[in-house]
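Colleague: Place chains B and C on chain A using the hints.
Protein chains in written order, with this note's numbering: chain A, 1 to 109; chain B, 110 to 542; chain C, 543 to 922.
Some clues are possibly wrong.
[Claimed, not checked] Below 27 Å or equal to it, Euclidean Cα-Cα: the simulated BS3-like pairs (lysine-lysine) are: (1) A:Lys21 x B:Lys333; (2) A:Lys47 x A:Lys21; (3) A:Lys23 x B:Lys357; (4) C:Lys575 x C:Lys620; (5) C:Lys882 x B:Lys125; (6) B:Lys213 x A:Lys21.
I should point out that these hints are in silico values taken from the structure, not numbers from a laboratory.
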Amino acid sequence: MAETLTVEVMFGGGAELLFNKVKRKEITLPSLKTFLPDSQNLNWTLKELLIWLKDNLLVEREELFLKDDSVRPGILVLINEEDWELHGQLNYELKENDKIMFISTLHGG
Amino acid sequence: MPVPCKRGCGNNAVLKRPKTGDAICKECFFWAFETEIHYTITKGKLFNKGDSVAVAASGGKDSTVLAHMLKTLNERYNYGLNLMLLSIDEGITGYRDDSLETVKQNRDDYEMPLKILSYKDLYGWTMDEIVAQIGRKNNCTFCGVFRRQALDRGAAMLNVKCIATGHNADDIAETVLMNVLRGDIARLKRCTAISTGSEGTIPRVKPLKYTYEKEIVMYAHYKKLVYFSTECVFAPNAYRGHARALLKDMEKIRPSCIMDIIYSGETMSIKEEVSLPTQRLCIRCNFVSSQEVCKACVLLEGLNKGLPKLGIGKSSKVKKLLDEYNTRQNNLETIVKDLEDCNITNKKTSKTCKSISNGFKQKECNATNCCTNKTERNVEKNNEKLQTVLDKYSLENNSQVRLNEEDSDDSEIKHQDEDDTCSSSCGRLGVGF
Amino acid sequence: MKCKKCNSSSALIILRKKDLYCRECFLANVTHKFRSSIGKNKILGKADNVLICLSGKEGSTVLLDLINNALSLDNHKKLRITPIFLHLCENYETIKNVIEQCQKYNYDLYSPHISEYVQSKSHIPIVNSLPIVNNELIEEYNNMQNSMLPTVKDDFITNIKRTLYIRYAKLLNCKYIFTGETTTTLATKLLVNLAIGRGSQVQSDVGFLDSRDMEIKIIRPMKDISEEELKLYINSKNLKVNDKQTSKENEHTSLQTVISTFVSNLQENFPSTISTICKTADKIGLQDECDNERHNTCVICQSILKPDEKAISALDATSISKIVSLRKHTDSGIDVDMEKNVINSTIFPYIHNRLCYACSRNYAEIKQSKIPSYIIETQK
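Chain A on its own, in the form it takes in the complex (with noise of 0.2 Å):
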């Protein structure tokens, strides 16, 4: 059975400006086998909605987001509003209405 997940994405701080200026979307995640059929993963992580995200929403250099398989250092990563170093980084598993949030830092000011 098909199951998707919905989750909430948020950029700020400047990552907006990779994501075509779009601070805030909801979005719906199909299975994650049917995305991502040789994943390991039973279940999304963050780690597999940075490649998602990449192939569907990101619009500018893909650089700017990403290094290897993490976001870039520098980039803040919030889940439900709370660090992500607190929660697994990149194994953090998604569940339904999770509000993701990536704060750029790296933008001057």
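Modeller: Chains B and C alone, transformed into the frame defined by chain A:
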């Protein structure tokens, strides 16, 4: 799985503090963050009671948090400071005009007076115009040099005791790395100082010196502070970009390294035999300089004469060349005539002279230290030729520096002004390094 | 193509993508750099015993060859030292190769095992033979290593080697030590030093001379020779390099690997990077050069211990950050100075007393029981 706050308040942590690795809840974070900055201000003796302080405000995250913080702490701990905002309008369409709207918002939110100074008023040129003139290659040099001086001028107009800038711990660590990579020993020595300023200048202080960028952004986010976050439309400083990328990669591995780099800078000492430039006043504009004529005046002279390369690269060499050239061209007659010109037209001197002093200390005009019209005529006539020479020269200079052959002019590098290149991140207001 | 120096022979070697040299002029130039760094710094006496530390890598291969050449001259340029060769054994593959390498030149090699560090005393090993293995020591050593994160481990090994070099120099009656660091390694080391809080120790760690030990001076005669020159030297003299440069395990695990990658990438695009960094290093001095008073030194790295004089430093700022992150929320303010001592014993153990800032920072990160007890307990 929620993580409890390390301070035992019973709440769930929202943030892992990069400096210490402790997990902490939102309320405790606010308190800890503010208390630390209060400690830095008091222990570092940054202000005296009753001081007037200008907050260098760009509308970005650092200066917004700084303004908010100083207002909060000033009230909470009775600093007795008279705070105001000082902004510089470089004249960059689509960047500074937008960010100034944010600063105006700060002004209203924090109920502080705001002073905006523009490059156009101070120097007669906007950055847009400068870039149109010189292209995008060295524009950060102009912007950085002019901004540094513009802040000094603004602070003098506001009659404040000091300027507070928003440099955070990441900025400072990055600057330490930068200065090592560039071999800039004079700045390396200065850049970790919490307050800078020699006699006769208005000191700059950095209350956020030990504050991590991550926490500044988190604080602004949780407090819902509005800030402006767009890259300057002109090319950012590539070399600084490298240092920044390195720092961020290192922070990921060992977050304490930002503090460790600052500690390195603080405890490092420079060998005695290394001669560092002494600070003095520019004979033209009367602002601090490490040379007879400050970099801002040299750059401005270049712009006004249509010789924008003047002062980029090894300034002393270019200047020497220009001087030699002028000596050859000028015979006694023209000098005498220029002297007369200058005395007669004291009130309507050349563009250079006017724009330097515009809106600020009117320097008395005399033939030795002002008015470039002595050379202007000849330069215009032979503009093309000189430009070619200068171009060639500046090119040679660059390659020399780059390849680092044994350089007989080593001392000149040391004496180079403190204000080449965009010494703080582009677009950031405090150029205190 | 003409040689930049002699203008005659056909140039075969290209340095920095633009300087052409013939083989002879190139080799002469490298030799000159080696000799002039020793000559300029007139500290070596005649006939001194010098401990030559060989890692088996490129730098040490060239160092060995340069020393051999300089010793075999019979004019006034002859290097008048008595070399004694040492290799710290970390794996058996390398050690066999280094012994072989030395025997080609007819030199004897001492090769104790690096795990000697865990005990306070060592003995002179038998030359040209594999170290006598003490499994307990090795296990203790490995346990210590495994208790450290990569950045700390890398820094700690540097200090272990330095300590053992000095220990064996004393045993073997040498007053001087030569090591094979190049411009490139030293540029990286300078940035590493900054990144781990050793800014005040740059001169000793990166300069020509490390004189932290009262009796033994460590000299870096290869400090003006770049990695590029090393490779070209090895090729043109057909030298055999034994230890393949340890492959970077993972580029993003330690500050040292990140910095090393950074420096080589930057060098590609900005060819002056390394020499600029090294010129900067030359201008950084020791904290207390003018101050004759003998201070305590760090028991791990031997650098001078001196509390900060500044009103506030990054050390204070870290302590206060720790205090406010642990204390219960009270608005009554905190007595920072009183609490600082308590906090420092956990986040900066033995600071300014037994350990310098960087070693203290490392120590706090290591499972402490794993550090050999004789080190911290050394009586002053």
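Colleague: Determine which of the earlier numbered hints do not hold for this structure and return their numbers in increasing order.
Modeller: none
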